[in-house]
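Novice: Okay, so the sequence shown: first residue is 1 according to this note's numbering, each after it adds one.
What the hints contain is simulated information worked out from the structure, not anything from laboratory work.
Using N, Cα and C, we set each Cβ at its ideal position, and we do this for glycine too.
Please note that a few of the clues may not be correct.
Simulated pairs of lysine-lysine, BS3-like, Cα-Cα distance not exceeding 30 Å [what the hints assert, rightly or not]:
| no. | residue 1 | residue 2 |
| --- | --- | --- |
| 1 | LYS322 | LYS292 |
| 2 | LYS139 | LYS78 |
| 3 | LYS293 | LYS241 |
| 4 | LYS515 | LYS555 |
| 5 | LYS329 | LYS382 |
| 6 | LYS243 | LYS322 |
| 7 | LYS78 | LYS67 |
| 8 | LYS142 | LYS42 |
| 9 | LYS67 | LYS56 |
| 10 | LYS337 | LYS322 |
| 11 | LYS78 | LYS89 |
| 12 | LYS67 | LYS42 |
| 13 | LYS505 | LYS555 |
Simulated restraints on C-beta separations [claimed, not checked]:
| no. | residue 1 | residue 2 | range |
| --- | --- | --- | --- |
| 14 | GLU253 | GLU554 | 22 to 32 Å |
| 15 | VAL333 | ASN110 | 48 to 58 Å |
| 16 | GLN288 | GLU224 | 25 to 35 Å |
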Amino acid sequence: MASKVIAEIQRSFKTNYFSTTKKGETYELRADLNSEYREARKDAVKRVIANMTVGKDVSGLFPDVIKNMQTEDIELKKLVYLYLMNYAKTQPELVILAVNTFVKDAEDHNPLIRSLAIRTMGCVRVDKITDYLCEPLRKCLKDDNPYVRKTAVIAVAKLYDLNPELAVENGFVSMLHDLVSDSNPMVVANSLTALREINENSPNKDLFVVNTEILNKLLIALNECTEWGQITIMSCLSERKPKSAQEAENICERVLPRLQHANASVVLAAVKVLLLHMDHTQSRELLQLIIKKLAPPLVTLLSSAPEVQYVALRNILLILQKRPEVLSKEIRVFFCKYNDPPYVKVEKLKLMIKLANETNVDQLLSELKEYANEVDVDFVRKAIRAIGSCAVRIEVATERCINVLLDLINTKVNYVGQEAVIVMRDVFRKYPHQYEGVIPTLCENLEAIDEPEAKASLIWIIGEYAHRITNAVELLENFLEQFDDESNQVQLQLLTAVVKLFLKKPTECQDLVLKTLQTTTQTCDNPDIRDRAYIYWRLLSTDPQAANAIVLSEKPPISEDSQDLSESLLNELIFNISTIASVYHKPAHVFLSDAEVGVQEVQSLGDNGERFMPEPTVPVETVPEPTNDLLIEF
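Whole structure, please, built from the sequences with the hints as guidance.
Specialist: Here it is as structure tokens:
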């Protein structure tokens, strides 16, 4: 009895889990695809598409799926066409089986099926299909239904990409030119998209030119297009240089309402067109109206998600450099919020500095002072530098900026004080021999300064104002005690500051300068520092007057506008507003077409897009070593 039970259990286990009669999922799908029941075939195609979507290879079912093309069920036909587009390249010989159905569907009474057929034929990237595509495509380009026509014009661009000669010989490109003047705005927008794509891929870049007649058609279609059609049309408008002031004014008037669109891309495309055509208008009233209308949509973009905000802020930075009056009264909208990401805060700081003027500087300084008390150290440093930028840009507000900096120094926060010292160096550069009363406060924090840039800045200030600092020699000696441990930046500044001190107080620090020159020429490993020391030594030894004229010469003026882009680069970036180029603030060719540029070369591009190479240094062996007795007093 027990043996019979065990045998029954084993037989049942083998039947359920180790059955050899099951042919597998592919077998079942093939059987269902050839079922006499339509619902079973439809369900099987859905399962095939599901497997294809998750990455399973179901190309072996190609002949069985193709059999289901000839059906009245539009949903089933869409699924089969989707499968066909995905596996056409892997089964180029079998695709020919679908040609008759394609041609038949392209003449169907239902416009959805006609457009579906022509779209699928355009997406099937197989050379053998192109010859069969021409006649259905020609009929669909002349179809009475605009939906079919707008689908067909995109198929022309795909055919041109696959076989340019065939597309031109059959006159499809010429037909696209005619369809730009179509009565339906969807057809106009798609024709324009197809022609621009063909123009980009063609060696002859003047296959499509927007003339006056086409321009008028585009302006009429602009109000009726979808948002992406509007972007395409406005991209064409931005590429056309107006023939007259009247034409530019007409374009601006038609594009102005697009600034109220909900789509950010449409807004930025309209802004680009307006900025490019404003220079050609002669109507002062229209110009003022455009400037007035540009501000609200740009402000609205700042209420979007942080990623969109960042793109908008990068584009606004370009717009402000081109037209600073656009947002001159909107500085408050760029004030940072507590939950803004760091990358958004940094861009807002740049814009606040751009918009700073005599009327809003007090408000801005109060805001920046609050930022300097936050916990994000990097953002605090940038906020303090922004205060220094205001001091450099707005002369009447310099004293107020310095008072804010002194308040921050008195907080005794280490990194705040050090950043304030760096900022004060720029203030002294911009306004020499002014605000010297601040120097004692800076020197009081000497022991707390440990960052190379802050040390170098304070040393520069001591050297520049050595004649006004009674204990300048003592201060520099404190730095020289740790000369070998300092960074190259600090060592260079120390060397120059000691020479300045010697030129201003020769009787007090001849021993100090001699010791410094000996140290830098004999023990320093850095060739830049050593070469500079040799130059100073030779100048002091041979021609003290020349040394005085060179070392103590008037410094070139600094300006906050030195960070602005060059005019040529700015114009190029304005033309590329709402693209990656306007976000990177670099020309498009740097990261698109210039594929031969190495990674290191791309990283070495400056803000203006110019490549720069390091200057060669003079070998140490070519510089004769001076003797100690060459120094003289004067």
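Novice: The structure should be examined with respect to each hint, and the outcome stated for every one.
Specialist: Quick rundown of the hints versus the structure:
1. LYS322 / LYS292: holds, 15 Å
2. LYS139 / LYS78: OK: LYS139 and LYS78 at ~21 Å, within 30 Å.
3. LYS293 / LYS241: Holds. LYS293 to LYS241 sits at ~22 Å (cutoff 30 Å).
4. LYS515 / LYS555: Holds: LYS515 and LYS555 sit about 27 Å apart, inside 30 Å.
5. LYS329 / LYS382: Answer holds: LYS329 to LYS382 is near 23 Å, not above 30 Å.
6. LYS243 / LYS322: Distance ~22 Å between LYS243 and LYS322 Cα, so the pair holds.
7. LYS78 / LYS67: It holds: about 14 Å lies between the C-alpha atoms, which stays within 30 Å.
8. LYS142 / LYS42: violated, 33 Å
9. LYS67 / LYS56: holds, 21 Å
10. LYS337 / LYS322: holds, 27 Å
11. LYS78 / LYS89: holds, 18 Å
12. LYS67 / LYS42: Judged against 30 Å, a Cα distance of about 12 Å means the pair holds.
13. LYS505 / LYS555: Given pair LYS505, LYS555 holds - Cα atoms ~20 Å apart, limit 30 Å.
14. GLU253 / GLU554: 22 to 32 Å: The hint (22 to 32 Å, Cβ to Cβ) is violated, given that GLU253 and GLU554 are roughly 52 Å apart.
15. VAL333 / ASN110: 48 to 58 Å: holds, 52 Å
16. GLN288 / GLU224: 25 to 35 Å: holds, 29 Å
When the structure is compared with the earlier hints, violations turn up for hints 8 and 14 and for no others.
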